[in-house]
Amino acid sequence: MASRSTRSVTSRVRCSASPRSSRSWDRPSKRLARAPAVPGPPTPPSLSSVDWLTTLTSERAGRLLDAAPDPTVVVDGSGALRYANERVAEVFGHPREELIGRDVRTLVPDWNLAELQRPAAQQLVPTTVARHRNGHTLPVEVTVVPLGGPGDPDGQVTVFLRDISARVRLEQEADRMRDELIANISHELRTPLTSIVGYLELLHELDETQLGQQARRLLEVVARNAHRELRLVNDLLAVSFVDEDHARMHLEPVDLGVVAAQVVEDHQLFARGAGLEVTYEAEESVIVRGDADRLVRLLENLVVNSCKFSPPGGAVRVLVTAEGPDAVLTVIDTGIGVSEAERTKIFDRMYRAPGAIVRQVDGAGLGLSIAKGIVDAHSGTIVVDSTPGQGTTVRVTLPRSAPRSAQRLGG
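With this note's numbering, letter number 209 in the sequence shown gets 197, and the count goes up by one each step, no holes.
These aren't lab readings, by the way, just hints derived from the structure by calculation.
Please note that a few of the clues may not be correct.
As the list claims (entries may be wrong) - Simulated DEER-style distance windows between Cβ atoms:
#1 A55 to T369: 46 to 56 Å
#2 E240 to A55: 32 to 42 Å
#3 D254 to T115: 22 to 32 Å
#4 G312 to D167: 29 to 39 Å
#5 V209 to D254: 33 to 43 Å
#6 D364 to R150: 23 to 33 Å
#7 G200 to S327: 44 to 54 Å
#8 R216 to R150: 44 to 54 Å
#9 T369 to S327: 18 to 28 Å
#10 T369 to T115: 25 to 35 Å
#11 P387 to L206: 45 to 55 Å
#12 A154 to G65: 47 to 57 Å
Everything numeric in this text was worked out from a predicted model, so none of it was measured.
Where is the CB? At the ideal position from N, CA and C, for every residue including glycine.
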């Protein structure tokens, strides 16, 4: 063996036989070869340079994601599924291996891929609808958590899909019970109120010789408050009425001119009590296909709302016209008007304009919300044009129907 140059190394060893005596000697040591450098731990590469399969099949990551209580997937920047845990198979019916590489919209058809690219640490996507393998849909709540940092070019994210079907069913059942309660209570209140209002109106028609002046004034107060309570009950009924499925509407040809005549006639006493004149003008045979009761309710709400916000001596006009394929119902008043800011809110349920509070106008803020719901159910539009201090015009546009035998209202 070829010799290598070495250097002598002497080590000094001290031995101690007892605490009091010690001795030392020198001895030549064996050659100490240089040990090869031990490499340190490798610098972990960035996530973007690691193959997704290696990353996701690591023991820790796999256990963490598999233990997630919700269906969990990993999606890359192109929208392709790179991982799915067992809960995905249980909830959506897709075997895990079947999903890998497929578009995330296999599970969430309406997914907006741009949502995945938002530079956020975590985001809760609004409730959306997912699709089961057998085709039925289910509501899900989505949470997106980026895997890489802001500079990650792969844009991989972990997506948690929480099935909220049970929650939605409970909410729907609660809504059904609420609507049923409102309807039952409202019907119980409405029956005696209707009788009270009817008899009060009969008494109001008696002349001074049959009814003293003082008694007449008292009856007017009672009638006014009875009408007020009846309107509130009707509003409560109409809330559940509008929220019902559109399939429950009884659709038939309805003449809007007949609707206008009935509503204006029914509200003459109410208008006189407020010192207002309510009139209508209608073209012949302006027919729509709709639910007659709901259309009457629509116009009642608009007329009553105009009367509430018009000062004594004012007027409310109802116009029924045909404009091409549309039937147009317009209510014009000389009231206090509505500001531009208020016009964006007046159709919200329970909204009461500042003017209603200042003028102490009665009501629960449901009338215009109900009106809009009825218009929407008939595939129409409702627009408010107003200037504060110069009155308000409400214009409802509905699709016209062929002029056939229309529903007669009021028997």
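Verification of the supplied hints:
no.: 1; hint: A55 to T369: 46 to 56 Å; in the structure: 52 Å, holds
no.: 2; hint: E240 to A55: 32 to 42 Å; in the structure: 59 Å, violated
no.: 3; hint: D254 to T115: 22 to 32 Å; in the structure: 43 Å, violated
no.: 4; hint: G312 to D167: 29 to 39 Å; in the structure: 37 Å, holds
no.: 5; hint: V209 to D254: 33 to 43 Å; in the structure: 20 Å, violated
no.: 6; hint: D364 to R150: 23 to 33 Å; in the structure: 31 Å, holds
no.: 7; hint: G200 to S327: 44 to 54 Å; in the structure: 46 Å, holds
no.: 8; hint: R216 to R150: 44 to 54 Å; in the structure: 47 Å, holds
no.: 9; hint: T369 to S327: 18 to 28 Å; in the structure: 21 Å, holds
no.: 10; hint: T369 to T115: 25 to 35 Å; in the structure: 28 Å, holds
no.: 11; hint: P387 to L206: 45 to 55 Å; in the structure: 48 Å, holds
no.: 12; hint: A154 to G65: 47 to 57 Å; in the structure: 33 Å, violated
Hint check: violations occur at hints 2, 3, 5, 12; the rest are consistent with the structure.
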